[in-house]
Amino acid sequence: MDMKRATFKGGAHLRYNKELTSGLPIIKSTPPKEVIFPVSMHLGAPSKPIVAVGEQVKLGQKIAEPGGFVSVPIHSSVSGEVVAIEPRIHPNGQRVLSIVIKNDEQETMDESIRPRENYKDLSGKEILHLIQDAGIVGMGGATFPTHVKLSIPEGKKVEYLILNVAECEAYLTNDDALMQRNAEEIIRGLEIVMHVLGVDKAYIGIEDNKPQAIQTMYESAKHLNIEMYSLKTKYPQGSEKHIIKAIAKREVPSGKLPIDVGCVVFNVATIKAIHDAVICGMPLIERVVTITGCGITEPRRMDVKIGTPIEHLLEQCGGFHDAEKFIIGGPMMGFAHYSSDIPVLKGGSGILLLSAEEADLAPPKDCIRCARCVDACPMGLMPLMLSNTSEKGDFDKAEEYHALDCIECGACAYVCPAKRMLVSNIRVAKKEILVKRKQQAEKKEAEKVKGGNN
Amino acid sequence: METKLFTVSSSPHIKSHTTTATLMRDVLIALSPAMIAAIIFFGISAVMLTAVCVAVAVLTEWASGKLMHKESTVGDLSAVVTGVLIAFNLPASAPWWIAAVGSVFAILIVKQAFGGIGHNIVNPALAARAFLVVCWGARMTGSAFIPAADTVTQATPLGLLSEGIVGQMPSYMDMFLGNMYGCIGEVSALALLIGGIYLIVRKVITWRIPVIYLATVFIFAFILKQDPVFHLLAGGLMLGAIFMATDYTTSPVTPKGQIIFAVGCGLITMVIRMFGSYPEGVSYSILLMNVATPIIERYTKPRVYGVVKAKKIRSKSEVK
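Residue numbers (my numbering), protein chains in the order written: chain A, 4 to 457; chain B, 34 to 353.
Because the hints were derived from the structure by calculation, they are not lab data.
Keeping only pairs whose Cα atoms sit at most 20 angstroms apart, straight-line, the calculated PhoX-like set for lysine-lysine is:
#1 K334/B / K400/A
#2 K236/B / K422/A
#3 K368/A / K99/B
#4 K434/A / K400/A
Isolated chain B, as found in the complex:
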């Protein structure tokens, strides 16, 4: 038999088929029910805006790779996910150039300037939303929300709540299905939940962040004598809890850290909703917790097998 030289490398010698690209593909699949809901409720403009965001995001990702002489990361689909999420955070009435500016900002400033995938400190799509709200408040909030059915601009349920107009509130069923005013991708809790279940079943995300985030909002709303179901269904909570707070890069990697992160998101969301001047708190709560992620991680390291913490040694009964 002829002598063949084999490839040598460190173990393990087999790897799972899951790659960054397959994970992102799963996230896109999970986002598709919400996309369909957006088309139903907002019509063609939802598709157009999403297309602009995705195209600009991918183009920016490609161009920044060229600019920085780095290997292109377009193939990992992360820019596509960011593009879709930016669009989902826009009102259907937003002009195309706002979508484009937001996408360039998200990819170039928030993501690539910090080192690209895996290195950004805050969620690119949410940072872009915050940026756009600050720059073009009138086009991003309040009166910007137009349903496809009529052309009368109207406030979101949370907008109504903060203005004290309770009479025009949509029913639970309308809110659950998505028949209410809001950003492109946030209205249908049903569609977002289908996506969330898909992600958990496919093990793309764990249940910890979305479930604990939603539970915290529910409990806090209850304590504040608010309608907890309303707060679950209103605004961008579902979109935020399932797709934004679960962003790998900007959320803690430790199980305990993820729980603290989710509780923090829930508390800040409710504080902003109830006591802030701005009706919606999801994006800022997640951005704030993104920034806290490194410190949460530092204090929530998992317990190492066979290592007994110094604190525990004090009581002898615990040390076997």
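Looking at chain A on its own, in the form it has when it is part of the complex:
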């Protein structure tokens, strides 16, 4: 196994503030009194509840089944009683149907959870089924069902299986912690994925600000045919497109998927979940969460049951003080939420409480055309032009400037000295362009129908 160095063009160096949590152990959260499972905590069709109010459920028991192929089931992370199935506030800001379970703190395990001796007897298809059945989704934040990603379409071939542990977001250290604690499980999980995909080689990319994680992963992966990359610490190295660029030296064509250039990329927590599902028979009911920011009294890294109310976690961190912003995910791409009265979901890697100073809410000033955003854009776009055209309502021009290729990483807005709302403006343009495209397609369709009638 060798160690190589790589990077990509553009990007920004952030104020990482990872030291708030990087030295801390992962501690287990105290049992929550109640857990909340929205039926939609993954991309794709919402799950369908299969339990009723008043029913007793066990830890690991399936409580909702997938609503289609691009969907996953949900499992209870506690044992107890279903007390409500009603709309609750989802971290996306909307009210979503949720299954609420009162924890009896008995941790009575479901009978279905049994370790598996040898997964190699299983076919790829059977393992895919296990992965879907365990409710596994991309745990880096995108929450795309993992079994769908692993179902390689006909005619496509995986040449680069990439384990993405760049963890390029500022503040977050949960992947780092997981690698240091569970390197062996992760590598075994990676072996399972290699088995499923039928590849004999894998690639691991870690940013060079995590030397300990690199060391432990290196030690655990020695016996395998793995190429390890120490990636230059630069945001957004962990973006799927940019880790592919750095390691495979390929570019995902505009509007296409990584598999179109023979690449599949997985987050490290997802791989660990695959290990737990296939080897231990344990569905995805727990994850590591970084709880950090200057607004929190005691930053923590915690093992948290999915569905745990965030307020319950904040209490264990000594509460918050002077917090101005509350964010789910990382500070660059996470979602701000107005209330901490929401649960931890499968994709929730971080809980941030930023002080007013950290959040820097200074109003935007005039663009001085300093070109920092152009230099920082990892996609080779001109954010100032996209933002200006969007503000003027000239969305056709924004489309010409490739607005739809923006990955919304926020590097441009981070470096902007005028503090302009670049990403926000580009989002508006993207939305408008997509609406227009849809309307045009519908119009075309309508004309076709009309033409057919004549």
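Got chain A; can you put chain B on it based on the hints?
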């Protein structure tokens, strides 16, 4: 725990500490070695003129904000930078009212009338210089340059060159240190280079425009069988290449565009110096390239990740 409502906004939720004001502050710091050199070579009059320019520029910026009912932009320090740059483009003998008129023109007409910071088409300080040269040629050029040491007015090295007087040329060392005739801020290449290195190290500017501008002048001078070192050190080239051509608003934002812009500045500078009737070409070359900036930008858009240009698709080997 009490329920608190948090501020909600679009990501990213953290931002760099760099602001327009900190960038301008860095530019002022970078200009200070040249200011010290100006005091050494021109004495108190350099300080007085700079003070007048800065004061009038800031006052005009404030007043135009009031006049147009816009939020004041005095705090971003850009007017201070413009003021210093106007002064640096004046001969030490210039009367105070020329400095004042130039500063009002730069801020009110060139900058604010076009929409304020970030919207002007040409560099305000250079446009002011061009305006002053046209209006008061005798007070701005030629015999206006007086060194502090003696009171005999004399031409700049470039003036001497265009008149064919080579015998009185200052040595390279004098030109490098600034012991020659010229505008307040342009004489000391050493001081300006220190400022330029500071700006590049602090990532206020990239190396592209100044280095390529200077390199173009050097190479073109060499091709024209001129003394390339003389042309680097003479006139306002260092001041122009490091502080004027790098003006954010009036130079291209694309890396390729910046290279074209800098090459253009260098070529026009040498064309004016060698073939023009006016000895110095830096300010007009930059002004001309300022005007060309939008079109340069349009044709030098960076390559977008994952987008293959239509032209390239022709050869199959290039498309993987």
